[in-house]
Amino acid sequence: MSSTSAVSTPSDSFPLDAERAQEWALLADVTAAFAQNPNIHDTLSVALNRVMELMRAEAASIFLFNAAHTHLRCEACAGPDPVCAQLANIRLPAGTGIVGRAANASAPIMVRDVSHDPDFAAHVDDMTGFQSRSIIAAPLRVSGQALGAIEVVNKKTGSGLFNASDSAALSMLATAAALAIRNARITAELVEQERMRRELELAREIQRSLLPKPRPGFPVIGMNIPAREVSGDFFDFFELDPDHIAFNLADVSGKGLNAALLGVKAASLLRGLARRGLRPGALLTVVNDEICETATRGMFVTVITGIFDRRKGRVCLANAGHPPPLMLDGGKARRLDNASAPPLGILPGQAFAETECDLGESRLYLYSDGLSEALDKKGGEIGIEGVMHRLEGVADMPVADGLEELARVAVSAADDQEQRDDVTLLCVSR
911 MSSTSAVSTP SDSFPLDAER AQEWALLADV TAAFAQNPNI HDTLSVALNR VMELMRAEAA
971 SIFLFNAAHT HLRCEACAGP DPVCAQLANI RLPAGTGIVG RAANASAPIM VRDVSHDPDF
1031 AAHVDDMTGF QSRSIIAAPL RVSGQALGAI EVVNKKTGSG LFNASDSAAL SMLATAAALA
1091 IRNARITAEL VEQERMRREL ELAREIQRSL LPKPRPGFPV IGMNIPAREV SGDFFDFFEL
1151 DPDHIAFNLA DVSGKGLNAA LLGVKAASLL RGLARRGLRP GALLTVVNDE ICETATRGMF
1211 VTVITGIFDR RKGRVCLANA GHPPPLMLDG GKARRLDNAS APPLGILPGQ AFAETECDLG
1271 ESRLYLYSDG LSEALDKKGG EIGIEGVMHR LEGVADMPVA DGLEELARVA VSAADDQEQR
1331 DDVTLLCVSR
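Here our numbering is used: the first residue of the sequence shown is 911, the next is one more, and so on.
Simulated from the structure, these hints should not be mistaken for lab results. Among the hints, a few may not be true.
[As the list claims (entries may be wrong)] Restricting the straight-line Cα-Cα distance to at most 30 Å, the calculated cross-link-like pairs of lysine-lysine (BS3-like) are: (1) Lys1222 to Lys1288; (2) Lys1066 to Lys1123; (3) Lys1123 to Lys1242; (4) Lys1222 to Lys1242; (5) Lys1242 to Lys1175; (6) Lys1287 to Lys1175.
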């Protein structure tokens, strides 16, 4: 008796599904393309053409939410060129159309006949001249975050209808695309942050290069400690002639690059006009009018500017909205009676009064509100009285060391608080 036994081969046990193999090959290709090309727009376009080829569709597109999630915009399209040209950058209100519904879904949506779907955005077909018959749209989601949706339109073979296999394949591709989109955005953000960091670092270097350098034995010395990469405060001093020194200290409203740029402009005006012989009051009037005309609305500059007569030991000051100058004499600090007007950039045509005083053996201190508004250990602002108290504490120190100590106290006034504002100091002494 003979018997015949069947011998099974690997191909018999695991029949190769050619269509599924194509899907996996496409997924591998698309994933590799996403990893290799940092230009996500180009990669999405290539991926969509491959998706169309696999699913034998007439068109495909990807819509992504804007930052506020109020609209979806077509970021990539594959299909007839005239259609894609009109579809490029089209915006749909969130939730509009089948693609809008899919963007907020957790699984693909398959519509076999769009004419019977109330969500179908027929106006898009009217605009492009394309006729949509059937659609699969899959959500683009990463870690629960909705990014948008990918859709394919009109199957070209067989019954002309998409099937469950198409839906599963599109879902896999949507997962890969969503990851690529998120990673591309993270990369773009990191690149932008690095660009901004370099620009701010350059701005800081330029800004610091514009501040006057300490001069041994010179009657004026200043210091600036920014709260951020760049400062909205500035100080300046320079000789007008052998007997007269011009000086100023200013604080621009706000922080960051905009404040720094306005500060550079104000400093240039103050220096240039002082060299033309304008006294402090007249100088502030001219600078104020210029800033009123050109500064961004809402920005202003508080400033004290002055001239020190070295031979007479006399100081002439004008104040535009700045904290009052302080005199340190014999270890005691007091406010200098100094009339103040509004900051520069508020009222055009504003006049600025001048105040004169004999310096004698005293020291004149100018400071920004970053010092007077520094926090003490209880979390309250030290105020002008606190500044005066701290000035008296450095009365016996050399001027430069005293400024260092004042700045240190201001920056570390509250143990657990970050520096809230720029701190700038200037001292005039004989």
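Structure-based check of all given hints:
no. : hint               : in the structure
1   : Lys1222 to Lys1288 : 44 Å, violated
2   : Lys1066 to Lys1123 : 76 Å, violated
3   : Lys1123 to Lys1242 : 28 Å, holds
4   : Lys1222 to Lys1242 : 23 Å, holds
5   : Lys1242 to Lys1175 : 36 Å, violated
6   : Lys1287 to Lys1175 : 36 Å, violated
Hints 1, 2, 5, 6 from the earlier list are contradicted by this structure; the remaining hints agree with it.
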